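Peer 1: In order, the protein sequences belong to chains F and U. Residues are numbered in my numbering as their position in the first sequence, beginning at 1, plus a constant of 7. Residues are numbered in my numbering as their position in the second sequence, beginning at 1, plus a constant of 1000.
Since the hints were derived computationally from the structure, they do not count as laboratory data. Just so it is clear, the structure is predicted and the values come from calculations on it, not from any experiment. Keep in mind that the hints are not guaranteed to be accurate.
Said to hold, decoys possible - Here are the computed lysine-lysine pairs in the BS3-like style, where the Cα-Cα straight-line distance is at most 30 Å:
1. 220(F) / 1165(U)
2. 1119(U) / 1165(U)
3. 1087(U) / 183(F)
4. 1119(U) / 211(F)
5. 400(F) / 1081(U)
6. 1226(U) / 316(F)
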Amino acid sequence: MKLVDKFTLWFLGITMVIIPINSVITYYSIKREIDKSAIERLKHVNVRVAEQIGKGQPPAEYTAGCRVLYAKTDTAFAADHYVITERDVTQDPLLNDNDRKIIVTSYHNIHNQYYRITSGDYVSRSEQILAGLRISIMWKLIILVAMVVLTARVASRVVLAPFNGTIKKLQLFNLKSKKRLVLPETRTKEFKELNLFVKKMTDKAVDDYSSLKEFSENASHELQTPLAIIRSKLELLSESDIQGDQAVLIADMNNAVEKLTRINRSLVLLSRLENNEYEATEEVPFDQYTKEALGAFCDLIALKELTVKSSIEEPVCLKLHASLADILLNNLLSNAIRHNMPGGTIEVILNREFLMVKNTGKAPENPTSEMFQRFKKGSQCNNSIGIGLSIVKQICDMNSFEIQYHYTSGLHILIVNFPPESHSSKLLQNDERYLHERIQL
Amino acid sequence: MKVLLIEDNEELASSISEFLGREGYICEVSYNITDAQDKLISFQYDCVLLDIMLPDGNGLQLLSFIRTERIQSSILILSAKNSLDDKIAGLEEGADDYLTKPFHLPELHARLRAIYRRKKLNGSNVIAFNEISLNIDTLEATVNGQLLDMTRKEFDLLLYFVVNKNRVLSRQSIAAHLWGDYTDNFANFDFVYQHVKNIRKKISAANGTDYIGTVYGLGYKFNTSKQ
Chain F
8 MKLVDKFTLW
18 FLGITMVIIP
28 INSVITYYSI
38 KREIDKSAIE
48 RLKHVNVRVA
58 EQIGKGQPPA
68 EYTAGCRVLY
78 AKTDTAFAAD
88 HYVITERDVT
98 QDPLLNDNDR
108 KIIVTSYHNI
118 HNQYYRITSG
128 DYVSRSEQIL
138 AGLRISIMWK
148 LIILVAMVVL
158 TARVASRVVL
168 APFNGTIKKL
178 QLFNLKSKKR
188 LVLPETRTKE
198 FKELNLFVKK
208 MTDKAVDDYS
218 SLKEFSENAS
228 HELQTPLAII
238 RSKLELLSES
248 DIQGDQAVLI
258 ADMNNAVEKL
268 TRINRSLVLL
278 SRLENNEYEA
288 TEEVPFDQYT
298 KEALGAFCDL
308 IALKELTVKS
318 SIEEPVCLKL
328 HASLADILLN
338 NLLSNAIRHN
348 MPGGTIEVIL
358 NREFLMVKNT
368 GKAPENPTSE
378 MFQRFKKGSQ
388 CNNSIGIGLS
398 IVKQICDMNS
408 FEIQYHYTSG
418 LHILIVNFPP
428 ESHSSKLLQN
438 DERYLHERIQ
448 L
Chain U
1001 MKVLLIEDNE
1011 ELASSISEFL
1021 GREGYICEVS
1031 YNITDAQDKL
1041 ISFQYDCVLL
1051 DIMLPDGNGL
1061 QLLSFIRTER
1071 IQSSILILSA
1081 KNSLDDKIAG
1091 LEEGADDYLT
1101 KPFHLPELHA
1111 RLRAIYRRKK
1121 LNGSNVIAFN
1131 EISLNIDTLE
1141 ATVNGQLLDM
1151 TRKEFDLLLY
1161 FVVNKNRVLS
1171 RQSIAAHLWG
1181 DYTDNFANFD
1191 FVYQHVKNIR
1201 KKISAANGTD
1211 YIGTVYGLGY
1221 KFNTSKQ
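With the rest of the complex left out, here is chain F (with noise of 0.2 Å):
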C-alpha cells in the first residue's frame, strides 16, 4: 500500500469518527437555538399581552398565528416566573402532521389581580432537522473524501518527490559503477535526515568496496610475486647437481608452493566473487561447457578408470558468467574425480531445470551441512584444499541457483538447480522502466 493511500484512509478513519460526532453536537446546537428563539418570542407575546391586558384591551386571541389563552388566577408567582412546556403533538387533525410544540405560561400582576398568561407556537421537531442535516452531512463528505483523496496525491507529489526520488536513486545504485550517489536536494527535515543517512551510508560501501577490490588486487599480486620468486629458484635449483635426498626435498617444496598457489588463486577469486566482479551479461551454452569440461577430463577418468555416464539436454542456455561456468564445473568435476574410488561411475545430468553429478565414494566424514563451507573437507583427502564447494556455492548464491547435496547408498549427489524460466525473464524485466513504474504513485 502506498504511503499516500495509507495516509488518505487514516485522514477518512477519522472524518467518519469525527462527522457523526460533529452531527450530534449540530443538531443539539440548533435544536437549543431554536427552541430559545421561540421561547423569547412567547415571552414577548405573554408580556404584550399583559400590557393589553393592564390597559383594559382586550388582547388578541390569536397573536403572531399563535392561540394566547389568559385567565385569572389566584397563585402569586414573581414576575419573571415562566414555566416552559414542550410536547409533541402527535396528530394535528387540521394538518394532518405531527409537530412539536413549545408552550410558554407565565404569571403577570395587573392591577393586583393574577393572570396567567400562556402561549405556544409550533418548532421544528427533530426529524426535521436531522433530515436537513443529514444532507448537510452527506455533501460534507463527498466533498471531504474528494478532496483529501485528489489533495493526497497531488501534494504527495510534491512533497514525497524528494523521497521518491532518493528511492529510485537507490535502486539504480551499483556498487560495481564506483560511482557516488547523488541525492536531490529537499528541505524536508526527515528527508533531509534520510539522505544524508543514505548517503553515509553507499559512500562508505563505495569507499569499503574500492578498498576490498583493491585488496583482493593486491594481495594477487604480492602473493603471486613471491610465489613465482620461490617457484622459479626451486626450477633453477633442481637443475643444479643434486643428491637424490635433496631433490625429495625440493619436490616437497615445489608440491607445498603449488599448493599455496592454488589456495591464493582461489581466495582472490572468491573475494572476486563476493564482490560481484563476474556479473553474467549474456547466456551461455552450458552444456556445450559440461561437454567440454567432462572432455577435458577424460585424461584422469581414464586413469582411475571411471565409468562416465552422460545425459546433457541440449540446449541448456544459463544467464551466467563464460568464466564461471567453467569454475562450477571443474570444480564439480573434479570433486567426482577426486572423491571416488578406481573402478567407480560418475553419472552427469543435464537439462534446463537442473545440473546433476553423481559419483560413487566413501561416505563423508564430516556432516554434510558444512560441506560447502570454506576449508571444510568432506574427507581428509591428500591434496585438496577445501575450498572447491565453497566456491561452488559462492557462484550459485550469486546466479540464485540452489545446491544441494545428498549422500545415498554410496553414493555423493549434488544437484544445482536452476532458477525457473519465468524468474528469470522477471528479474531481466528489472531495468530502469520497471522500477520507475513501480515507484510512481
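Guided by the hints, dock chain U onto chain F, whose structure is given.
Peer 2: Same frame as chain F, now just chain U:
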C-alpha cells in the same frame, strides 16, 4: 634470441634472466617503464617480457609505445593479474601471449619459443632433434621418418620436452603446461607419469632413442647426451 625483460621484482628478474641465459638467450633487464623505453628505442629485441604492474605505471602503456614507435618485437605479458578481462585487455593491446604468475620457467621458455616460431620462422613449422621431428602445423610427430600415433596431449608433451632439452621438468610444470588452469583441481599428477610412459613406449616402438629420463623425486628430463 635477444630478450628484454621488464620486471620490477629484482629477485624474479634475476631468476628469469639466469634461466634464459642458460638457454643461450641474451637477456636484458629493465626495472621500470622509462628505462625500458630507452632500451627499446636504442636496441632491437626479438621478444619483450613485460610485467603489467610496474613502479612507474601500467605495463600496458608500453604496448602502445611499442606500437607507435613501430618496434618489431614480440610481446609476452607476465602478470599476477589472472582475470579474463586483464588477459583480453593485454592481448587486444597487441601482446602475443599472456602468462600469469606464478609460472613455471620451462613454461615461459616453451611460450617464448612458440612466439619466436610464429613471428620469425615463417614457413618452418618443424622442430627437429636428431631422429625426432615435430610438425607444429599438422601436429605430426615422426621418429626416423616413421609417423607416431600420438594424442594431442602426448604431442604437446613431447614438444615441451624438446623445447626444454636437458632441463628438469617437474610433474607440476608439465601438468600446468598441458592442462592449464584445470590443474588447480588435480589431486595428483599420476596422469603425467602415464603420458610420459606412453611417449617413451611409442618412441621406442619406432626404434627411436628414449631420451626421456626420470629425475628421482622431481620429474623428468630430456637428455640430449643419451645415444
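Peer 1: Against each hint, give a clear statement of whether it holds in the structure.
Peer 2: Evaluation of the provided hints:
no.: 1; hint: 220(F) / 1165(U); in the structure: violated, 42 Å
no.: 2; hint: 1119(U) / 1165(U); in the structure: holds, 22 Å
no.: 3; hint: 1087(U) / 183(F); in the structure: holds, 20 Å
no.: 4; hint: 1119(U) / 211(F); in the structure: violated, 50 Å
no.: 5; hint: 400(F) / 1081(U); in the structure: holds, 24 Å
no.: 6; hint: 1226(U) / 316(F); in the structure: violated, 45 Å
This entry does not satisfy hints 1, 4, 6, going by the numbered hints stated previously.
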